[in-house]
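A.B. asks: Modelling step: build the complete structure from the supplied sequences, incorporating the hints.
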Amino acid sequence: MLQQLLMLFGFFSLLLALVFWVNKAVSLLDWLMGDGQSASTFLQLTLLSLPTILVNLLPIAAFAAVVYVTNRLSSESELVVVQAAGYSPYRLARPVLFFGLIVGLMVAILAHVLVPLSQRELDLRRAEIASDVTARFLTEGSFVHPVKGITFYVRNISAAGELEDVYLSNSREKSQRQSFMASRALIVKDDSGPMLLMFDGMSQTYELAAQRLSVTRFDSFSYSLSGLLGETRTRPRTLRSTDSLALLQASPALQEEIGRTPQEMFAEVTQRTNKAVQGLVICLVGFGALLIGGFSRFGLWRQILLAILLLVVVKTLDNSFGGMIDDTPSLWPLRYLASVLAVAMALVLMWKAAHPRLRRRKDDTPARQGKMS
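Numbering-wise (the working numbering), the sequence shown opens with residue 177 and increments by one.
Quick caveat, the hints were computed from the structure, so don't treat them as lab data.
Label-pair restraints from in silico Cβ distances:
#1 P438 to G317: 50 to 60 Å
#2 F274 to Q439: 34 to 44 Å
#3 K491 to S351: 54 to 64 Å
Please read all numbers here as calculations on a predicted model, not as lab measurements. Note that CB positions come from ideal geometry on N, CA and C, so glycine has one too.
C.D. replies: Below is the structure:
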């Protein structure tokens, strides 16, 4: 049973990861192509976003694997045979328990270590993309607007990186409008920031108040681009990009750098731990819900709907308590309340499956009373 659970878990994880990855990749591709980035940059960012996707979908994939395997064992009468041999529901739950522990360990490694590392690298890559002036400007044959009030056009880019037939317009100032045209140009980096070196062109400055146009021709002209694009500032660290051990051992300097209190950091660690715990408990809930159905030629669709309903209840409560903890970090013990409730649900369902005679007695009582009358 454990082998079947692991096989189906891998299948559902791959399927859900592809669905979520495609959804994430569409918006990411639109943003990267708008900034003129390459396909390799897109691939790097999508790979860095995978740990964040996996940490949320692995418990759902584990739940789907447990429900599918249990339903198949029940439809093939294997569970009935095993229960007739004297196996209790608690003993049958051992493979599911081991499977849930494996899933919980995987989620814990992702949540506490891999997701913060990938998020940190993703923030750095996004900062590099935002400050990459060349990629934002170099789009052949089309007018680009890197920021509001700036228009840039280049007809062609040679193999040596030289820009041909360049046009630059700056309408950010209220008093005047500037435009530059050059037959050739280069983008170079200086100590003060990126520079646009233009050759064989002219500049036009239009004064709005005086309605006067000034035209200047030049052989070479340098124009600073750092002031046009503004500064892109990113904090060295954020709460999501810091691993759990560093959060628990956070020094005053790290607390000031992240901008969070020790309670908020501890609440974040409990959230990550709770994701791993839920990888275990929702597996037990799904198994217990299907175990109470017994054998039926019509299938266990009612029990499957019950398992899904219980999963929705657990996740809804977890999200509600999470919102309360975000507002008041001192309420962090509530983070585990939904998981404790899920464990109680699983135990009640298994107890009910272990005592089927109680249900049969209730069903037989009206029939006996009818015979006596």
